[in-house]
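A.B. asks: Going line by line, the protein sequences match chains A and B. With the first letter of the first sequence counted as 1, position 420 gets the number 420 in full-length UniProt numbering; the numbers rise by one all the way through. With the first letter of the second sequence counted as 1, position 664 gets the number 664 in full-length UniProt numbering; the numbers rise by one all the way through.
You may find that some hints are simply not true.
Listing some non-contacts, in silico: residues in chain A with all C-beta distances to chain B over 12 angstroms [what the hints assert, rightly or not]:
1) GLY105
2) THR216
3) SER241
4) ARG290
5) ARG384
6) GLU443
7) ARG479
8) ARG520
9) PHE580
10) ALA609
11) ALA617
12) ARG718
13) THR730
14) PHE742
Covered stretches of chain B (chain A as the covering partner; in silico rule of three or more C-beta atoms under 8 angstroms from a C-beta of chain A) [said to hold, decoys possible]:
15) 53-60
16) 486-498
One side only, chain B facing chain A, incomplete, derived with CB under 10 angstroms [claimed, not checked]:
17) GLN63
18) ALA79
19) ALA303
20) GLN399
21) GLY419
22) ALA426
23) ARG548
24) ALA560
25) HIS561
Read the hints as simulated data drawn from the structure, not as lab findings. This one's a predicted model, so the numbers in the text were calculated from it and none came from an experiment. The C-beta atom is built at its ideal place from N, Cα and C for all residues, glycine as well.
2 protein chains.
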Amino acid sequence: MIQHPAFSVLEWSVLEKKLHLDILAQTESIFALSNGHIGLRGNLDEGEPHGIPGSYLNSVYEQHPIPYGEAAYGYPEAAQTILNVTNGKIIRLHVEDEPFDIRYGTLHSHSRELDLRSGILRRHVRWTSPAGQTVKVSSTRLVSFTQRAIAAICYEVEPIDTPMRFVLQSELVANEALPTAQVDPRSASVMTTRLECEEHYARETLGVMVHHTPTTGLRIGAAMDHVIEGPATLTVDAESSSDIARMTITAQVQPGERIRLIKFLAYGWSSLRSRPAIHDQVIAALSAARVTGWEGLQREQRAYLDEFWSKADVELQGDYQIQQAVRFALFHVLQAGARGERRPIPAKGLTGPGYDGHTFWDTEIFVLPVLTLTYPSAVADALRWRHALLKQAKERARQLGLKGAAFPWRTIAGQECSGYWPASTAAFHINADIAYAVVHYMEATGDLAFEKETGLPLLVETARLWRSLGYENQDGHFRIDGVTGPNEYSALADNNVYTNLMAQLNMRRAAETARRYHQRAQALGVDDQEIDSWLQAAEHMFLPYDERLKVTPQDEAFTAHEVWDFAHTGANQYPLFLHFPYVHLYRKQVVKQADLILAMQLFTNAFSAEQKARNFAYYEPLTVRDSSLSAASQAVIAAEVGQIPLAYDYLREAALMDLYNLEHNTQDGLHMAALAGCWTALVAGVGGLRSQDGVLSFKPRLPEAITFLAFRIHFQGRCFRIEIEQDEATYRLLDGEPYKIFHYGEEILISTDTSMTCPIPAMQVEERLHQPPGRSPLG
Amino acid sequence: MIQHPAFSVLEWSVLEKKLHLDILAQTESIFALSNGHIGLRGNLDEGEPHGIPGSYLNSVYEQHPIPYGEAAYGYPEAAQTILNVTNGKIIRLHVEDEPFDIRYGTLHSHSRELDLRSGILRRHVRWTSPAGQTVKVSSTRLVSFTQRAIAAICYEVEPIDTPMRFVLQSELVANEALPTAQVDPRSASVMTTRLECEEHYARETLGVMVHHTPTTGLRIGAAMDHVIEGPATLTVDAESSSDIARMTITAQVQPGERIRLIKFLAYGWSSLRSRPAIHDQVIAALSAARVTGWEGLQREQRAYLDEFWSKADVELQGDYQIQQAVRFALFHVLQAGARGERRPIPAKGLTGPGYDGHTFWDTEIFVLPVLTLTYPSAVADALRWRHALLKQAKERARQLGLKGAAFPWRTIAGQECSGYWPASTAAFHINADIAYAVVHYMEATGDLAFEKETGLPLLVETARLWRSLGYENQDGHFRIDGVTGPNEYSALADNNVYTNLMAQLNMRRAAETARRYHQRAQALGVDDQEIDSWLQAAEHMFLPYDERLKVTPQDEAFTAHEVWDFAHTGANQYPLFLHFPYVHLYRKQVVKQADLILAMQLFTNAFSAEQKARNFAYYEPLTVRDSSLSAASQAVIAAEVGQIPLAYDYLREAALMDLYNLEHNTQDGLHMAALAGCWTALVAGVGGLRSQDGVLSFKPRLPEAITFLAFRIHFQGRCFRIEIEQDEATYRLLDGEPYKIFHYGEEILISTDTSMTCPIPAMQVEERLHQPPGRSPLG
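Please take these sequences and the hints and turn them into a complete structure.
C.D. replies: Now the structure itself:
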């Protein structure tokens, strides 16, 4: 995006200086506002033109049957798709008789700016209508972090030079027409669902609509109220029908005068509560917002973000693009998780309809670990959502003939929604991914209440799954056969190393936690024999190794397969899954996204330094990065094995994924995991941070271009600030009791009084590794 | 079925002595008549009641989109389903005002008999109407082997005791209502297609209808003409509308008189020919049939079958059930292939809508090898059908990124119709299966014209597929990874031994044939280098072996997997695929149907006798036979390794599959491969016949129950008769030049003058092997 002439790179905001319709849908994702409960795409106030109109409420979805050419036992019957709910963003303007539409007339200037410190989206327009009237329009929009049900817009319009009659229509619109879905499987399904109206109401400045979803029966309330400033002659009308509530303001405005409209918007939904209850709920939220007022909401928003940045900011010198990108990334990750409150963090947050609004494994492996160290309360909430789905996950495990819980590969409400099991049900690692996020959160926070109530049952039920999924053979190896690891170009493989290491951790931590909460574990049916069975399986976990190549195979048979014919694969044949059949991909050595590399990132102690270097060198020429999830992990391991320039390039790819639209589908929503990956590529990559087994360690190493890097993290109730320069790193404890960390393997004790500055040892410069032709980092 | 009290076991017919509505659909399959071009299910003449009404024309199908929950590159877009065409079997009878319907009134007697020597289905009924009139009805039906487009029915009705008014309606009915499809994936898809009428015509005794299929645009003609005998007062009316042509006979009939109606029925279809051309075609066929006459058609039918049985009959003493079953089997296999004439032999022949009327690999591996030795011209025709599909198969290979031809797993018209690629596209062995059938046919017949025109291109294009699918690794092993073998409970495995042996044969024979037809091969683009590449790949073909267990693994990783938990699998959980997900099945050692066992049957020289015994002992407790394809191969290998009583039990299971409805889906059509398997279990099993590399060898060994077995086979233009008793076997050449065969490894020369009687060596009695609990043979 930075390459686009419309954009400037600013430290604390994303600024679009000119409107380009060809990237409108992409900017709607980038300028999306959310608090994790409400999500509003950055659609223009006047509704049109749009790429994809989008107003979302976390977990409001509709369901539809999954069709199969050949069905089989255990296939999920219904899919879930995020719904575009009642759109409260719309404020239409008519200048004399002319609708304000930037596609007509003359657009003198148009700028939009997402302010990462204030948490608001500003827009400024100067426009002359086809009839020749010139107006200045500005709007400021926020979705409140502090008042979960509330969004607000301040909309101002003034005439230039001549008096004009303005008509403003502020609306709630249900059942908007949506563009038809694309062929790309990553975009959303076509939903023909219509919300059914239960109530519509408009009087004076107030409008309320209650609808419900026909199949899932979710009741959705939307309400708006307004504060209007303008000439004394201004009149206000209100009307409503089943799909629209509209407040109309009409006024003759003189040059120097303006109309200023504050629109408060409240949303609520429930699967249980009645129509009157939902009505009252949104009206009540509106009342509180009106009392706080527009300025009050902005103040609260700023204060919330000041607090966040004070503990999570990353500062950078030398690469202002990455500086912007990492703050943009943290801001959106925060938006996705801040007020989810026991609801999921979807792959696209609430920024677009991509992947049908589903949540996958990457929330636990990419997003939650970042939030654990920057905004941990969101992690506890997101994992409590998983905990709330245990019933469905246990039912699914039973259906699959397994014990414990089998979490869905993709879901909104807990049921498996994938119509292709080799890349979903078989990717059992999602269960250990959830366990990993639990373990990482517990190690980083020491949150005992969470551990007891939420962590223990999640660990126990997932450990049970692994114990029943694998088996110990005659050689005393615990094998996990026929599963799919993170690399989706290899499926149904035996002993995927990532999966086996994760399952090992899962079972060990389940055992250890069950022993600590003996009584509570007993209530879950855990006895000593079961704990021993987990420990034995973990102890005997089979981790294949290719003695001939001296590398760790991604899975047992991987290195025996033919290497993909990269030389005869054209640049236009990526991503491969859109141009080659699975039957071809699965048989070859080709890596869609980091798999063994990710294992080396999460299990830093399971591989020697030499092994890591050899493995990285082996997989690098096989990895095509047909997924936004890959670059961050490659950045992390590249940095670790001394491939610093390569690490920097991967860092840039990870950082600029959405701002540059590197995956060509930012229009469907931002990639939350890739955004989190930007932070990881910086902090775990060139920052060299690892946290395994509760130990914080650092091996920082800056690439040439970055002269200074500072980041803050939460750990064990403390806030740390780490400052890295080319030749030394300084570790500071900002609050809390003294703490021991490791710098290049050496233990150092830091306290609020004593920071430590340590030299960064010299590192041998390795020859740069190469990627498949045409697949070098995009940064 | 033999167990059902309604049935008697006769040597040369299948007799149902009493009508049981609960097995009506099953009997419709068993009593189906076909010549490979037309197929008529054994529906009652009066149309109702019925299980599944069925009138089929080979390759008349409709197409519909295949839906996917998650689509991906290379998935087939449309499926093909066999159509129930215009039903010409219907002859309704009204006795006074009462329709003849066996569900009402009193059924005094009802018998049906399929005569395997005459090729006709006879029915005799004595019925009293609810109003008290008693009638005798009989019908005889045939589908002509000699006049491909013709079926005929002789229908007779006479009053008992009192004069009666009869109304007979002889009809052609298009767009019959069909029962809704079942959940079982093996039954047919729901087709809501309606045939569109282009012409309907009825005058005097003649009726003609022309329809076409809406999507595939196939034009179907059906015509009927009648010869009527009856009282002088008899009147005839004719009428037609878009879905029906009807001839109505009305007569007052005295006791001692009768009405006799000969109905000639003609079918024709084309994707190209015009309505008038199709009309004329069926009228012409009718004319020829009328000239031949009813008695003439019966005579031709009998003569055709006499000729068939004289070269293909199997005689048996000691087990009259198997005697009946093997003739029933041969009769239906003949019916499926006799007049296919470059059209496929579907899995269910033309006996029902099961598997959507598709043709799979089992035609080439189970059906064609039997026809090769009993009715070889049908084999050449069926393989010419494959040859005609080369264009689509080459296109499919290109789509899959492969060279040569990739034949569809299931199809009617040549396009892949499977919506589940791991069990279809990945089952590449179908390509070598076709090559195997070609090789086996060529070795058995020496048909050089076929070899040059049809065999060579089929061998070349399939060899090309294998060469591009596999690869030679650093150790000089040619590997074929990620494919699915015959055992559909293991998919996407590396180096499936069956597949690799078949691919090896395929490439070797392609090379050898291409060298013999040098010029013709050049025209196909084959050069010496390509031939060498096939030979090298075949030479280096990797055949894994488990040194620890001393068994041949079904595929490279198979024996490393966990053994299925048979002890905790209930009898009601079979077939497993209806009760367990693929993700569970694929990870375990459990065999749906013979895989490595089938490899040992087809490649008798690739395994030592000891290895075969060890392998059989290993796989026997893992094989659940959730497929009708399994028992025959297990019978063959059980006999070879000395498990004679077990071989006999498998022979009985194979023989009685459809007559007993052992798979519980005979209602959807007969299992052609299992019927052929009955012959194979006898002839290759207890008869010990093998033909590999053009050599005929025998190791006969009768089970105790069978005191005598004689069978005839065609080979190299000769007809052989082999007679086996408990302690000796006699080999006779019925015609042709002297020929060398092998009896227990010893070469013997037989001629039309000299038969040879050889002693059967004593064999050590092995302890009986056991199957998974509850899965011992059903015979």
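A.B. asks: If you test the structure against every hint from before, which numbers come out violated?
C.D. replies: 7, 9, 15, 17, 19
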